[in-house]
Amino acid sequence: DVQLTQSPTSLAASIGDTVTITCRAGQSISRYLNWYQQKPGQVPKLLIYEASTLESGVPSTFSGAGSGTDFTLTISSLQPDDVATYYCQQSYTTLWTFGQGTKVEIK
Amino acid sequence: VQLVQSGAEVKKPGASVQVSCKASGYTFTDYYIHWLRQAPGQGLEWMGWIDPHSGDTEYAHNFQGRITLTRDTTMTTARMDLRSLTSDDTAVYYCGQMGKVTSGVDSWGQGTLITVSS
Chain W
4 DVQLTQSPTS
14 LAASIGDTVT
24 ITCRAGQSIS
34 RYLNWYQQKP
44 GQVPKLLIYE
54 ASTLESGVPS
64 TFSGAGSGTD
74 FTLTISSLQP
84 DDVATYYCQQ
94 SYTTLWTFGQ
104 GTKVEIK
Chain U
6 VQLVQSGAEV
16 KKPGASVQVS
26 CKASGYTFTD
36 YYIHWLRQAP
46 GQGLEWMGWI
56 DPHSGDTEYA
66 HNFQGRITLT
76 RDTTMTTARM
86 DLRSLTSDDT
96 AVYYCGQMGK
106 VTSGVDSWGQ
116 GTLITVSS
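Protein chains in written order, with my numbering: chain W, 4 to 110; chain U, 6 to 123.
Take the hints with a grain of salt, since some may be wrong.
As the list claims (entries may be wrong) - Straight-line Cα separation of at most 20 Å, SDA-like style, residue types lysine to any residue; simulated pairs:
#, chain 1, residue 1, chain 2, residue 2
1, U, K105, W, Y95
2, U, K105, W, K42
3, W, K106, U, G48
4, W, K48, U, V97
5, W, K42, U, L90
Since the hints were made in silico from the structure, they are not lab data.
Assemble the whole structure, with the sequences as input and the hints as a guide.
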């Protein structure tokens, strides 16, 4: 199975800050990396697919980058509505795996 | 697209559970259905997928031998059976439609809480 390691596990930042979350794969997964946002008490939502393509309706304050083994999710200008746990997920293999999640809070 | 899951259940250790996922608003056989779960306070765990067209399945290694995914094309419903339940299986279980473009879960069911307790 492809292991995905996210860092940090949690972070607290101020409104307006730029936040970056990292997802590292245990082997090359090309660009088959998706990012999800899960707000407290809600169902997860797909934010970014194929490493950098924003899903329809996702604000442009979110961006993704990377390929191979190293990927990032960046939130520019953090807002209260961005408080959530973010997960990366690989679809390079038919056996999917998820990162352990990164909890984002407001300082 | 709408995925409506069956309701919450409480099960005894050693029992089995079936969660259903009724799909509507699209051609059921055109999109894979994935199953995932989330234990209380924990992250997302992928369980497996089913191709509603062929019935082909693939399961996560953690669930091999305990899980069976099926589908009923006439009822446009996918089902997940999990056997030999333990307290570690207490979780919210989700079905999700995999997008052909995104290769991620585009649409989610509302989740089904399964509690395993003696």
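Going through the hints against the structure:
1. Between K105 of chain U and Y95 of chain W the alpha-carbon distance is near 14 Å, which keeps this suggested pair within the 20 Å criterion.
2. For the suggested pair K105 of chain U and K42 of chain W, the alpha carbons sit about 25 Å apart, so the restraint of at most 20 Å is broken.
3. For the given pair, K106 of chain W sits about 10 Å from G48 of chain U by alpha-carbon distance, which is consistent with the 20 Å threshold.
4. Annotation: proposed proximity of K48 of chain W to V97 of chain U holds, straight-line Cα distance about 16 Å (limit 20 Å).
5. Straight-line distance between C-alpha atoms of K42 of chain W and L90 of chain U comes to about 28 Å, which puts the hinted pair past the 20 Å bound.
Hints 2 and 5, counting from the list given before, are not met by this structure.
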